[in-house]
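Each chain, written out:
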Amino acid sequence: MKPRDPLPARAHTLPAKYYTDRDVYDREQERFFRGMWVCVGRLGELSDRGSFVARHVAGDSIFIVRTNGPGEPDAVKAFQNVCRHRGTQLCRDEHGRFQGSIQCEYHAWTYGLDGQLLGAPHMDGTAGFRKGDHSLLEVRAGLWEGFIFICLADSGPTLEQQLDDLPFKFRPWRMHELRRGDGMTYDIATNWKLIIQNFSECLHCPNLHPALNKLSHYLSGENEPLRPTYMGGRMDLNDGVETMSMDGTCPRAFLPGLSPDDQRRVYYYALFPNLLISAHPDYVMAHTLWPLAPDRTRLVCEWHFHPDEIARAGFSVDDVREFWDMTNRQDWHVCELAQAGISSRAYRPGPYSDREDLLYAFDRFIVAALDDAP
Amino acid sequence: MKPRDPLPARAHTLPAKYYTDRDVYDREQERFFRGMWVCVGRLGELSDRGSFVARHVAGDSIFIVRTNGPGEPDAVKAFQNVCRHRGTQLCRDEHGRFQGSIQCEYHAWTYGLDGQLLGAPHMDGTAGFRKGDHSLLEVRAGLWEGFIFICLADSGPTLEQQLDDLPFKFRPWRMHELRRGDGMTYDIATNWKLIIQNFSECLHCPNLHPALNKLSHYLSGENEPLRPTYMGGRMDLNDGVETMSMDGTCPRAFLPGLSPDDQRRVYYYALFPNLLISAHPDYVMAHTLWPLAPDRTRLVCEWHFHPDEIARAGFSVDDVREFWDMTNRQDWHVCELAQAGISSRAYRPGPYSDREDLLYAFDRFIVAALDDAP
Amino acid sequence: MKPRDPLPARAHTLPAKYYTDRDVYDREQERFFRGMWVCVGRLGELSDRGSFVARHVAGDSIFIVRTNGPGEPDAVKAFQNVCRHRGTQLCRDEHGRFQGSIQCEYHAWTYGLDGQLLGAPHMDGTAGFRKGDHSLLEVRAGLWEGFIFICLADSGPTLEQQLDDLPFKFRPWRMHELRRGDGMTYDIATNWKLIIQNFSECLHCPNLHPALNKLSHYLSGENEPLRPTYMGGRMDLNDGVETMSMDGTCPRAFLPGLSPDDQRRVYYYALFPNLLISAHPDYVMAHTLWPLAPDRTRLVCEWHFHPDEIARAGFSVDDVREFWDMTNRQDWHVCELAQAGISSRAYRPGPYSDREDLLYAFDRFIVAALDDAP
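Chains as they are written, first to last, in this note's numbering: chain A, 1 to 374; chain B, 1 to 374; chain C, 1 to 374.
Hints listed in this document are in silico derivations from the structure and should not be mistaken for laboratory results.
For glycine and all other residues, C-beta sits at the position ideal for the given N, C-alpha and C.
Possibly wrong hints are sitting among the right ones.
[What the hints assert, rightly or not] Cβ pair distances, simulated, as ranges:
1) Arg-298(A) x Asp-325(B): 30 to 36 Å
2) Phe-129(A) x Asp-261(B): 31 to 37 Å
3) Thr-158(B) x Asp-26(C): 40 to 46 Å
4) Asp-114(B) x Phe-129(A): 58 to 64 Å
5) Arg-22(C) x Arg-10(A): 47 to 53 Å
6) Phe-168(B) x Ser-101(A): 58 to 64 Å
[Claimed, not checked] Computed list of chain A residues with no C-beta within reach of chain C, every gap over 12 Å:
7) Leu-7
8) Ser-155
9) Arg-296
10) Val-334
Isolated chain A (complex conformation) (with noise of 0.2 Å):
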C-alpha cells in the first residue's frame, strides 16, 4: 500500500518494553481491551435465544446470550460470568444452550436471560435480602453487521461512536448478511500489536509472500491517514486475478452491490483494538486478536461468505482456506523471530521506511493513548 507522506526523520520502531513488559501489557489491557469495544464474534454463533458463547476479555470471563425470539429484532446481552451467590461461574462451555433461564450449578440459584435473580433457595429468610440487589452483572454489548462487541467499561463511547464512518465505508459488503464458512485458530508466540503491524504493511510481501504478491502487487493500491479507532487501505489485484486464492481466480460470484472497482480491490482495515477485516470481491476475511500474555496471542480467523453460494451444490472454501493459511503461517513466522528479537536485551529501535507508515502512525497512537512520554 502506498505511503501518504514521507516520515520524519528518526522514525523509529517503539523500545522493547511495549512488546514484554507486563506492566506495559496490563495497561494496554486496561486502556484498549477493557476501555474500548471488543469484537467477541459473529451473531451467526447464537442460532437461538438463550445460545451463548462464553469470552476471557482482559482477565474476565463474560457471556454473550442471544435475547431475542425468531422473528425479533436481532439482540444479544453480556454479562460478568459470576454467579451473585457465591461467585461460581455460570457458564464452563465455550458453547451453549439456556433453557429458558440461568441456573448454577453450585446452590441452584436462578436468573432469567435479562440478568434478574428469579430464584435463590433458603435464601429468603436471610436478613436484609433482597432477589433485586442480586441481578447478574451486565456488560455493554452490540452489533454492527454481524459483529459482536463488548465493552467492560460502563461509561465512554458508544460502539458507533468507536466505529466511525466505518458503517458507511463497508456498508456495499453487507456483512451483516454472510455466513462463516470456515475459520482456524492459531496461538501466536507474539505480541499483538506485531500482528496488527504485520497486517499494515506489505513492504515484506515480496520476500515473505511470493505467491501473494503474484496475485496483488506490494506498490498497489494506497493508504488511509490513521483515523483515532482504526486504519487501513487497499491493494489492487493483479490484471487477469480474479480474487485472493491459491491459483487467482474465483469459482463463486461478486458479492452482491460491489462496484466495478471494488471487485478489483482488497480492503485492509484494522479496527483498534482486535478486529482485521480483509474485505475480497466473494468473501470477508476477518481475524479476531486475544492477548494472552506479552508474548503470546491467540488468533481467529474466519471466512465469511454469502449465504445463497454457500447453498449451491460444489460450494468450497478450500482454495481460499489454503492461501490464507499458508499466507497466515508465514506471517506468523515472522511475528515470532520478531518477538524473540524484540526480547533480547540487543534489541534497540530500527529505523522505518516510507512505506511503513501506518506503523509509525500506530506505535504514536498507542504511546498517546497509554499517556506515554512520546
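Given the structure of chain A, go ahead and fit chains B and C onto it with the hints provided.
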C-alpha cells in the same frame, strides 16, 4: 445440616484475595500449615521399624519413620529431609524402608533412626567438627487413632490440645483399628478453603448430588457450633438406607461398638487445617488436603474399614468408592467453577443463607487467625 | 584428589540463596556469563565459510559464523541475532549455513558475513538513513584448541588473559586436532555451581561411583590451588587400568605426544564459568554448562578423539559413552537431591571436609566476584 441460629445481616462470603492472593496464601501456609498439627497419613502405611513416608508440608520436605519394633508401642519420628553435610535430600521416594540407619547417597553421611549422626567419612580430622552438632533436624510428630500428625513449629499447642474433645467424640469408631481399603488422589484447580467450605454445607446437595440426597436428605441432621480447631455436624440416613453407597445397602457389618443412633448417621468433621473425617456406620472416609498454590490443591481420599471385614471372603470397596468418587467429582467441579469465578475481577462477596452458618464461622476464624481486620 | 592444606575451622557450604535466589542468579549471569569468556562449542561444528551455530547466552541469542575459506586461518565472528530494522531474529535454527550473506526473512535486509549492511529495500529515500549506521551488533569471539568462546562484554580481559597458563598445561593433548566422536545433552534440575562442585571433588566417588572408583581411586592424584579463572587437578589410573571405560581397557591408541606420566592420569579442570575438561590418555571429555534458571541447567557432554582413531576400522565410542553416561547420571541424581534439599527452608550451611578444599575455594571466588560480603 441444620443451622443453629440465623446469621447476622450482611453475612457475606470473603473477598477474592483469600482465594487468589499469593501473600494471603503464604500467610496461611505459615499460620495453619506450619503453626498447627497437620495430618500426613496413616500409621498403617509404615509396616515395620524403619519404614518411612516423605511428604511436602508448607514447602518443606519431611520424612516420617516408624521407630518401634514388633510388640513395642507405636512410635514415629519426623525429620527434615536434608543431610547436614551439603544439604542433599535423604529420601527421594515417597515410600521406603531404611535398613537400620539413614545414609546420604552423596557422601555417605549416616544417621540413626533417632536422627543422631553416626558416621561422616573424612570429617574426623576437620577442625572444630563434632558429630553431636549435626544430628538430623527433628520435627514434632504424633499419633491419634491411627492418623499421623506433624507440627513444623517447635513450640505451641500439643497435638492433644489441638484435638480438643475429638478423641472423646470419635472413640466409638475405634479408628486406630481400621485399615485402608482403597484410596484416590485428585488434583483440583481450587483453593483449599473452598474444599472445606464445600464439605461443610449440604445446601448444594439437592442440585449437585441427587444420588446423595436420596440416601441422606440435605435438611436432616444438625451442625455443632464451630470450635477453635474443628467444625462439623451430622446427617441422618433416610429410611431404608443402610450406608452411603451406590444403592444405599451395606454388605459389611457395622463397626463394633456403635450405638443404634450412630448406625443411622454420618458424621462430617473438618479438623483444621487439612483433615476431613466422614464417619459412616461401616467405614470411615478421610480426606487430607495438600495446598499446592492459591488455586491448586491435591486431595487424598481414603476409605478405612474394619480388618475383620477386609479379611472376609467377598469383601469389596467398589460400592463405596464408586459412590464417593462420583460425589467427589461433582464437588471438585463446582469448587473449580467457584475458584474461576472468584478469580474474576467482577467477583464481589455474596450473601450467605442461614444454612451456610459454618462457612461464615469458618471465614471469621480464618480472618482472625491471620490477624486481618474483620 | 588430595587436598593441599587443612581448611579453616568453620569452612561451611554457602547459604541457600546462592542456589535458589533469582537475584543472585541474575547477578551471576551478569558477572560470569556476560563478563567472562563463555565456551559455546567446537570449531568442528562449523564445517565451511558461512556455517553458523546459534546459542543462548545470558538471555541473548547469539550466532557464530565461520568466516574463513578453505586454506585460510581459522576464523569466526559472533553477532547478536537481531535484525537492525525491526528486531527480527535472523537465525531460527540452531545450525545452518549462510550462502554468502545473511538475509532477514521479514523485509530482506541483507548483511555480509562481516556484519555490514549490504541491502535494505525501500530505505534509500528515508530521511537520515545511512547503511553504515546499521551493521549487525558484533560480539567478541575467539578460539582456543578448537573450542569457540564468546564474550558479551565489549571490554575487559582478552580470551588469552582468561585462559592464563592453561594453553601451556594442555598443549600435550593437541585438542585442536581432536574431533567429536559422540555427545549427550542433559537437562538437570540443579544450580550450575552444584555441577562444578560435584566435578571438583571425588570424596563422593566410593559411595556414588563404585565402578569409577575401581578404575581410579578417589584418594589418588592431587589438586592444584584454585586460580583466578579455573581450578582442577589430576587422578591416577589404578594398576592394570588403561583408560576410563566400562572395563578399563583402551581399544584406541593413546593421544600422540603424551608423556608416560600423562598416559597414567586423568586431568579434571573446570574453566570458569562453563567449561569442564577431562583429559584422558586417549580422549578428551568436555562438558559445557548452560544455566537456564537458578534450579535448572542444561549440560552438553562430548567426547573428542584423534581423527586417526576415528578413521580406523572398528572405531567405537561405546565403551566411553556407556561409562560416562552412567557416571554422569549418578552425578546429576545427587546434584538434583542437593538442589532439592538446599531449597528447603530447613537447609543450613554444613561443614566441608579437608577433601573438599576446591569447593570451599570456589565458594570464596563466587562470593568475592559478586562483591558480596564474605
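Outcome of the hint check:
1. The supplied range of 30 to 36 Å is met by Arg-298(A) and Asp-325(B), whose beta-carbon atoms lie about 34 Å from each other.
2. Here the CB-CB span from Phe-129(A) to Asp-261(B) is close to 35 Å, well matched to the stated 31 to 37 Å.
3. The supplied range of 40 to 46 Å is met by Thr-158(B) and Asp-26(C), whose beta-carbon atoms lie about 45 Å from each other.
4. The beta-carbon spacing between Asp-114(B) and Phe-129(A), approximately 60 Å, falls within the hinted interval of 58 to 64 Å.
5. Taking the beta carbon of each, Arg-22(C) and Arg-10(A) are about 37 Å apart, not inside 47 to 53 Å as hinted.
6. For Phe-168(B) and Ser-101(A), the hinted distance range of 58 to 64 Å is not satisfied, since their beta carbons lie about 48 Å from each other.
7. Listed as outside the interface, Leu-7(A) is inconsistent with that label: its C-beta sits roughly 7 Å from the nearest C-beta of chain C, within the 12 Å cut-off.
8. At roughly 37 Å, the least C-beta separation between Ser-155(A) and chain C is larger than 12 Å, which holds for a residue marked as non-interface.
9. Non-interface call for Arg-296(A) relative to chain C: holds, since the shortest CB-CB distance, roughly 17 Å, exceeds 12 Å.
10. In this structure Val-334(A) is not separated from chain C by more than 12 Å, as the shortest Cβ-Cβ distance comes to only about 4 Å.
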